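Undergrad: Just need the whole structure built from these sequences, with the hints factored in.
If you read the sequences in order, they're chains A and B. Heads up: the first sequence runs through residues 1 to 499, numbered per the numbering used here. Heads up: the second sequence runs through residues 1 to 499, numbered per the numbering used here.
Worth flagging that the hints you see were computed from the coordinates, not collected in a lab. Only a predicted model underlies this, so the values are computations on that prediction, with no experimental measurement involved. There could be a bad hint or two in this list.
[What the hints assert, rightly or not] Pairs of lysine to any residue residues, derived as SDA-like cross-links and limited to a Cα-Cα distance of at most 25 Å, are as follows:
1. K295(B) to C97(A)
2. K72(A) to N84(B)
3. K297(B) to M384(A)
4. K157(B) to P457(A)
5. K297(A) to P99(B)
6. K82(A) to K473(B)
7. K72(B) to V81(A)
8. K297(A) to K473(B)
9. K473(B) to R299(A)
10. K157(A) to D458(B)
11. K295(B) to R141(A)
12. K164(A) to V335(B)
13. K69(B) to L283(B)
[To be verified] If you want the footprint, here are the derived chain B segments under chain A, 3+ residues with CB under 8 Å:
14. 169-182
15. 282-290
16. 466-475
[To be verified] Cβ-Cβ distance ranges computed for the label pairs, FRET-style:
17. L160(B) to N215(A): 53 to 59 Å
18. R39(A) to N162(B): 57 to 63 Å
19. D458(A) to D30(B): 53 to 59 Å
20. I111(B) to E492(A): 46 to 52 Å
21. K72(A) to N84(B): 32 to 38 Å
22. P89(A) to D30(B): 49 to 55 Å
Every residue, glycine too, gets a C-beta built ideally from N, C-alpha and C.
2 protein chains.
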Amino acid sequence: MNWKAKPHSKELRFLISGLTQKNPFLKTEDLLSLLSAVREKNKFFVEEIPFRKLKNWAFDSKSGNLLHKSGKFFTIEGVDVKTNFGKVPEWSQPIICQPEIGLLGIITKEIDGILYFLMQAKMEPGNINLVQLAPTVQATRSNYTRVHGGKIPEYLKYFLENSKSIVLVDSLQSEQGARFLRKRNRNIIIEVNQEVPLLDGFFWLTLGQIQKLLNYNNIVNMDTRTVLSSIPFIRNDTVTGGNSNSLSDLLKTAENDIDLFEMDVDITKEEIQSYVLSPNEELFGMDDIIHWFTKLKIRYELDVVSIPLIEVKRWIKTDLQIRHEENKYFSVIAVDVYAENREKMSWTQPLLKPQGVGIVAFIIKKFNHVYHFLIQGKIEPGNMDVVEMAPTVQCITGSYEDEKTKDMPPYLDYVLNASPEKILFSTRQSEEGGRFYKEENQNIIVRAGDDFPLQIPDNYIWMTMNQIKEFIKYNNYFNVEARCLLACLGLELIRGDRN
Amino acid sequence: MNWKAKPHSKELRFLISGLTQKNPFLKTEDLLSLLSAVREKNKFFVEEIPFRKLKNWAFDSKSGNLLHKSGKFFTIEGVDVKTNFGKVPEWSQPIICQPEIGLLGIITKEIDGILYFLMQAKMEPGNINLVQLAPTVQATRSNYTRVHGGKIPEYLKYFLENSKSIVLVDSLQSEQGARFLRKRNRNIIIEVNQEVPLLDGFFWLTLGQIQKLLNYNNIVNMDTRTVLSSIPFIRNDTVTGGNSNSLSDLLKTAENDIDLFEMDVDITKEEIQSYVLSPNEELFGMDDIIHWFTKLKIRYELDVVSIPLIEVKRWIKTDLQIRHEENKYFSVIAVDVYAENREKMSWTQPLLKPQGVGIVAFIIKKFNHVYHFLIQGKIEPGNMDVVEMAPTVQCITGSYEDEKTKDMPPYLDYVLNASPEKILFSTRQSEEGGRFYKEENQNIIVRAGDDFPLQIPDNYIWMTMNQIKEFIKYNNYFNVEARCLLACLGLELIRGDRN
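TA: This is the structure in structure tokens:
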């Protein structure tokens with residue numbers, strides 16, 4: 001791939017695409033019916049089955065681990081966890097092991113001055129709605145290093161090293177630390193200048209359209225959301241300085257190239273500029289935040305040891321599931337997947353089924369006229385480096401139904417009882433349907449009122465959107481729940497300022 | 001500790017201290033004799049002994065691991081390594097395991113407008129010269145979390161969370177990946193405004209003095225060098241922008257406060273300003289470098305499994321050492337340490353003894369009038385995340401004495417044969433004397449000539465000093481060899497520009 005083509009305009013081009021709803025190829029509302037059409041046409045079925053009906057999957061006779069006969073895909077094993085974070089100092093649990101780094105990639109292409117994203121209507125057995133909007137490619141490392149043979153995913157060739165694509169964003173990002181052991185995916189967005197054939201089930205969408213679809217429940221899949229979260233809208237140097245590439249200069253250039261305000265953009269240039277922060281307006285500098293994060297990595301211990309699944313304590317295995325004895329957290333189940341389409345595709349696999357709907361929420365508040373996000377330093381057993389930065393609230397709501405407010409995680413009560421005018425965003429979004437069965441989280445952004453307590457727990461800190469985006473660039477700072485929630489917000493903070 | 005006191009001048013204050021040689025408390029040349037005095041006064045002795053004479057250390061009868069009876073300090077165990085990086089696809093080796101995060105901390109204090117660093121003359125058994133210049137505090141996690149009792153190191157209280165110190169720099173940094181299994185230390189510099197008592201064996205030095213001492217062989221210890229490497233001299237926003245905190249503004253303020261050019265600073269303001277880079281002058285942007293690094297993490301596999309020391313293949317255990325059958329790499333030895341001073345201190349411990357002098361070298365070259373460093377992406381078994389950024393050359397020179405040029409690591413030949421006028425810096429520096437026995441590396445900075453090949457291997461990239469400093473802020477980007485070499489360079493690039 002080539003180095004840094006158009007480096008000075010990447011962020012602006014993302015911003016313009018993010019503010020664009022108009023798409024001559026496909027209207028946003030038509031995409032919803034197209035997704036339904038894919039569902040209708042293929043008649044997908046997913047049924048829970050007993051473990052013994054799994055094909056090619058079996059429990060290892062010695063360890064009890066659940067494995068695929070090929071040694072590929074993933075395994076379900078056990079971990080023993082000790083930590084001084086939270087209320088439970090020690091437990092064991094089943095966990096998904098998938099050491100290969102997967103690829104989540106989106107192809108973009110500039111058409112008439114607007115960056116379009118090549119998205120896919122993709123079926124995953126665990127999806128609510130079965131078919132959701134996915135990145136151009138979801139591939140395993142074996143796929144893209146061509147170690148094994150097998151079918152190569154469509155469009156993968158554009159992501160391989162010898163291709164002529166231009167890389168816009170490329171970093172490793174973590175997955176759910178409560179469910180995966182140190183799993184990461186490569187999140188990559190490329191730009192292709194040559195002709196890209198449009199295959200059946202694929203669509204060119206503006207970033208603004210994808211953002212719009214995030215206002216619906218369970219339409220945009222998790223893999224899309226995590227990739228979107230790594231998109232920078234502001235160059236770091238335009239944020240912090242005023243050199244020749246400042247946003248206003250860039251916007252000026254853009255106005256010459258394309259008439260921004262002739263497009264379907266209900267926003268003023270001043271509002272976009274208000275998005276630009278100077279570091280003096282931040283409550284804490286990056287060095288302060290790194291110091292805070294370093295302290296947490298010192299303070300909290302996380303000792304995770306792999307154990308055979310058979311040795312996991314307080315979990316019960318039946319014919320149909322492996323579940324916690326108090327029916328908490330999640331269970332491991334098996335499903336049969338088939339479609340009555342031409343390809344007659346069919347397979348069985350294990351999935352993790354949650355015990356209830358989760359909640360992920362950011363509380364945001366203006367300091368120095370700039371929105372800050374209340375970020376939690378959170379320990380999860382699958383974390384690569386002890387702590388990751390997480391949403392203000394991240395939990396299974398059902399687990400706390402019987403609890404008194406004081407026993408709830410910090411701020412859960414505040415979020416659950418926020419008055420409607422404080423809620424900037426609230427939709428249900430699915431977790432990865434290839435591993436999780438109908439798992440969804442209520443994704444909420446709450447604006448804190450003037451009554452919000454300024455005293456916060458030690459493992460919380462306030463950060464601006466631009467600071468969050470800067471940390472996301474580097475490995476293993478923000479967890480997947482925080483990143484996906486941030487993706488939902490998109491450019492909403494600009495619009496939100498008006499309310 | 002308090003948040004961000006004097007945040008706008010931290011970098012400038014480091015810069016001024018780095019340019020200051022004059023110290024009313026202690027002349028640089030006197031420090032050398034003071035170190036000698038400490039050596040004379042204490043009469044330290046270190047003797048190699050057979051393993052059976054170790055007190056409180058023993059080989060575990062089952063695993064063969066070398067352990068302290070208290071379970072504290074460190075252990076020597078085995079690892080089995082598989083990788084597709086380099087020429088050897090699989091091997092096993094002894095490795096030091098020390099899961100606790102240690103603290104390497106320096107206290108600074110502003111006196112008459114100059115930041116002084118509180119340094120210590122510290123004896124470590126493996127040190128060449130025995131006594132070297134160390135940070136104010138080297139402590140284990142047990143020390144500073146006060147989990148165990150035991151003696152608390154001097155000055156540690158200034159680093160504890162309830163102290164009134166101001167944190168200037170605080171991040172986790174890796175140690176030698178070829179010798180330690182995923183070991184990290186907290187590198188922290190604080191500023192204390194209250195009175196700090198000066199204990200025997202401690203000295204207040206300017207940063208410029210410490211930099212000067214780095215021109216001598218084996219005087220400034222490794223722990224000091226790694227902490228110094230995390231010092232920022234330029235605010236990122238002054239690098240990339242031109243807002244009200246730009247360097248020239250800051251210098252103006254400083255000139256009002258203290259007369260910079262009345263000090264022992266043989267440098268002009270313009271030369272300092274030439275140190276400020278704008279991102280357009282960089283060969284690659286940060287995003288490009290992250291993309292390069294992501295590709296390496298995907299391309300290279302590193303599979304490290306802990307094994308009992310007894311199962312390490314091709315290593316031989318004798319009464320006196322554990323060594324590779326070809327006498328390569330290093331050996332594990334035991335030493336008896338004692339001092340004929342008042343405290344009558346004495347102990348025994350294992351150390352790692354290298355098979356020869358190593359070499360770490362940066363090749364640097366000006367592109368767009370700005371020096372760029374040729375950085376290597378390097379895999380080492382103890383790395384936390386597969387790849388770290390390493391010096392252009394990092395190896396044991398002796399291992400390649402019999403090799404032909406084409407079999408040598410890239411650029412070793414170029415560095416070894418560089419003509420004197422190309423060598424900007426060359427001294428011998430010691431590795432950590434608490435773990436390594438008289439291990440030293442020739443630290444070299446070579447200016448590439450016009451003949452330098454522009455085609456570089458895929459796992460190399462050019463970066464500016466400011467980009468390196470930015471990556472060092474985050475965890476596990478730059479390895480300890482690269483960081484320590486960078487610390488040696490200090491502000492030399494400004495001076496070097498004149499030659």
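Undergrad: Does each hint fit the structure? Answer for all of them.
TA: Hint check results:
1. K295(B) to C97(A): At roughly 22 Å apart (the allowed maximum being 25 Å), C97(A) and K295(B) satisfy the hint.
2. K72(A) to N84(B): OK: K72(A) and N84(B) at ~20 Å, within 25 Å.
3. K297(B) to M384(A): holds, 14 Å
4. K157(B) to P457(A): holds, 23 Å
5. K297(A) to P99(B): With a Cα-Cα distance of about 13 Å, the restraint between K297(A) and P99(B) holds, given a limit of 25 Å.
6. K82(A) to K473(B): violated, 29 Å
7. K72(B) to V81(A): holds, 22 Å
8. K297(A) to K473(B): The given pair, whose Cα atoms are some 15 Å apart, holds under the 25 Å limit.
9. K473(B) to R299(A): Status holds; Cα separation ~19 Å.
10. K157(A) to D458(B): Measuring from Cα to Cα gives roughly 20 Å; hence the hint holds.
11. K295(B) to R141(A): holds, 12 Å
12. K164(A) to V335(B): violated, 58 Å
13. K69(B) to L283(B): violated, 53 Å
14. 169-182: holds (count 4)
15. 282-290: holds (count 6)
16. 466-475: With 3 residues close enough to chain A, the hint holds.
17. L160(B) to N215(A): 53 to 59 Å: violated, 48 Å
18. R39(A) to N162(B): 57 to 63 Å: holds, 59 Å
19. D458(A) to D30(B): 53 to 59 Å: violated, 44 Å
20. I111(B) to E492(A): 46 to 52 Å: This hint holds: roughly 50 Å between Cβ atoms.
21. K72(A) to N84(B): 32 to 38 Å: Given a distance of about 19 Å, which is not inside 32 to 38 Å, the answer is violated.
22. P89(A) to D30(B): 49 to 55 Å: Because 53 Å falls inside the window, the suggested range holds.
Of the numbered hints listed earlier, those contradicted by the structure are 6, 12, 13, 17, 19, 21.
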